Structures are given as structure tokens and as C-alpha cells.
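Trainee: Sequence:
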Amino acid sequence: MKNIENGGTNSNVKSGSRTDSAVDFGHVSVKKVNSMARPLIEWFLGCQRKHLPWRKTKDPYRIWISELMLQQTRVEQAIPYYRRFLKAFPTLPRLAMANQSAVLKVWEGLGYYRRAKYAHEAARIVLKDYRGKLPNNYDDLRALPGFGPYTAAAVMSIAYGKPYAALDGNASRVLSRLFILQEDPTTADAKRRRTEILQGMMRGSDPSTFTQALIELGALLCSPRSPRCSECPIQESCSAFRYLPDPAVLPIRKERKKKPHYNVSAGILERDGRILLKKRPNTGLLANFWEFPGGKQLANRSREETCRIRFKSETGIEIRITDKICVVKHEFTHFRITVHFYTVACQKSPSPKGTARWIRKGSLKRLPFNLVSKAGLEAYERKK
DNA sequence: AAAACGGGGAT
DNA sequence: ATCCCAGTTTT
Ligand code: SF4
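Throughout the first sequence, residue numbering follows the numbering used here, covering 1 to 384 in sequence.
If you are wondering where the hints come from, they were derived from the structure by calculation, not from laboratory data.
Remember, predicted model here, so these are calculated numbers, not experimental data.
Accuracy of the hints is not assured; some may be wrong.
Straight-line C-alpha distance at most 25 Å; calculated DSS-like pairs for lysine-lysine [stated by the list, open to error]:
(1) K329 to K348
(2) K133 to K56
(3) K312 to K117
(4) K278 to K254
(5) K279 to K365
(6) K324 to K296
(7) K348 to K312
(8) K312 to K259
(9) K87 to K58
(10) K365 to K353
(11) K383 to K324
My request is simple: use the sequences and hints to build the entire structure.
Mentor: The following block contains the structure:
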């Protein structure tokens, strides 16, 4: 089995026809690679979090949804979403037949909303091309939207029991410490190399158990900040534990760029029990989410003027400011914003342009909003 | 290779 | 305030 991919497009590692003893991991010991799986798996069988909802199944659809939700997302945060999602869409065909906005609404609050879009798209493809069953094949999975090297390998190993190496942040961190890999783990080279090592490590083990065991080790013991080496089942094999005063110095991390900050003004316009909202574009940040019309602070303008001008350009509607509602601060992945909410009024009941719509207040609960809009709306309802 | 893409919890 | 999480896609 191979799932190593070259720079960018992974196929899980291609190692030709080399035998075990010929596998070369540089200074990574073959003996160590071969001796680690057993204690790791024994520890996992005794100490894993058996209550995690996705541990109760090997249904490829459910494993897929769990892996998708867990991308860059903490276990505790994903659990309620996993339950709600599978209650709403119990099977892959049910997901495929669902309305895209319904899928997005269930995902609301979980972040990285492209994942919801991909889940829906992939489900439709699988229903059409694979009779509703996720393909039992790495390359076919990789071809589906949202299936990168990790997710494809995770489904192949965890659900289908095939020996594909699933390299996630946990597995990568454990490898960094186990073999004192001082390279930057984010490069294509490092990923390829680490996937190879993983493939060697999982040889001879049950792939489903091994994949979950290594990830669980990274989550429970070999944590980013303070690894609990004294409880670690592979302590004896671990070079970082043996040679470094503090294994937590690995993996090395690159310094981050500072986040820019923007001020934003937004207007809340209500008329005849309806509120004027704007749907965000189909791509990019918070794609297809709804929000209050407004925009970034304009140079040499007041916040109120900014609100009025931005509101007009997004909706075509002339408004005047009637009151200030609240100020909401929020942090996204790459920037921070401070949003100034105002109540606004207009002359008649004009029809909006673009993606702006009058939404009945009773319908708000069916539309997806991010935390900023929710905070603005809540403050508005409270103040009225 | 780098940037874009959310939100929350831990330190 | 900073890090980073069961990563993938686009640029
Ligand atoms: S001994 Fe410590 S550093 Fe090494 S794998 Fe175990 S928890 Fe991680």
C-alpha cells in the first residue's frame, strides 16, 4: 500500500518494491520503527477515549464526517456537531439530497465552512458515481472535494482497514519527538518523509487501530506544550525523551505574522417585521453566510458616514443613522476586526440590489450567521 | 511555498 | 496575547 505523495499532490508514499529491511529512513532506526506499534496499540486499547462517538463505528460515511469535522478542530468542539450532523443527515444519500443551506446551517459555528460545502458536493458525487458508498480506494477518495492526503488515508485505514498512513498534526508531532526530527514539519519534503516512516511503523499492525492509536497518543500524552512522558507507552523508543531536557521544544515552529486590524461599520435596518440582510459571496471568508450590510472604515470618514456609504453601495438603499447599538470585536485566522453596529432608517420600503434581501425575523434562525452578526443581532433585540 | 480559511481552549 | 488544533485548496 502506498499513500506518499510528491510535493503537493500526495498518493501516500510510493516506496517501490523495497522490503522491510531495505527501508531507509535516514537516521531513523528501522528497529525502533518496528518495535513501537505493539506497546502503542496496547496502551490505546486500554486508555483510549472509548466514548467518542466516532469510536463506536467503522461506517465509512461516519468516519469521513468525523475526520472532516476534526480538521483543525478540537475534539470537544466537534462532538456536538458530529451528533447533530448525523441526526440531520444519517446516511450519505441523505446528505447528498439535502439542501446546501441546510448543511451549512448545521455547520454554523464550527468554522472552516468550505468543509460543509465539500461534504455536500462529495456526497452528491458519491451518490451519482459510486451508488452512495464511499469508494474503498485511496485515489478515488482523493479525487473527491475536501479529501486531502490525511482524510483519504484516515478513511482508508480507520474505516476500511487498509494500511494507509494518516499524517495529521498529532502523528507528525509524535514523530518529531520520537526521532528528534528538527526539520520544519510543514514542508512537502517533511510530509513525504514522515508518511514513509508511518507506513513503516504501521506494517504488521491493524491499520485502523494503529492510525487511531498514534493520533490518540498525540492528543492525550504527547501534547504540544507539556507531553506526559512518564505515562507514555513508547517512552523507551523515544529519542526526545531520552536525549532532550524538554521534548516539547519539538516540533520547531515558525514565527507567525502579526494580524492586521480593521474597523467595520454595519447597519441594522428593520421595516414591517423584516430585516435587511446581505448574503456573502459563494467563495472566500464565511462563504454564503448572511450579514448586516456595511463595510470597512473609509479613510477620512466618520464611522457613521462609513456605515451610510457602505450600506448604500451594498444594498442600493439610502439610510440615516438612528442609534448606535454595540461594538463587537472578533478575531479571524488572518486578521482582527472591530465592528460598529448602528440602527438605521430609510424612507420607503425599497427593494434592495445585489445579494441583499428583506428577511422576515422569524426566518432568521434558518440562515447561517457568524459570531459577529449573532452578537450584533442579539444586542439589537436586547436594546429594542 | 505561502496564503486563505473559523472558532475555541489552553497557557 | 499567542499557539494550535484528527488539513485542504487556491494562488
Ligand atoms: S516519551 Fe514523551 S515525547 Fe516521547 S512520544 Fe512519549 S510523550 Fe511524546
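Trainee: Please write out, lowest number first, the hints stated earlier that are contradicted by the structure.
Mentor: Checked against the structure, the hints that fail are numbers 1, 3, 4 and 8, while the rest are satisfied.
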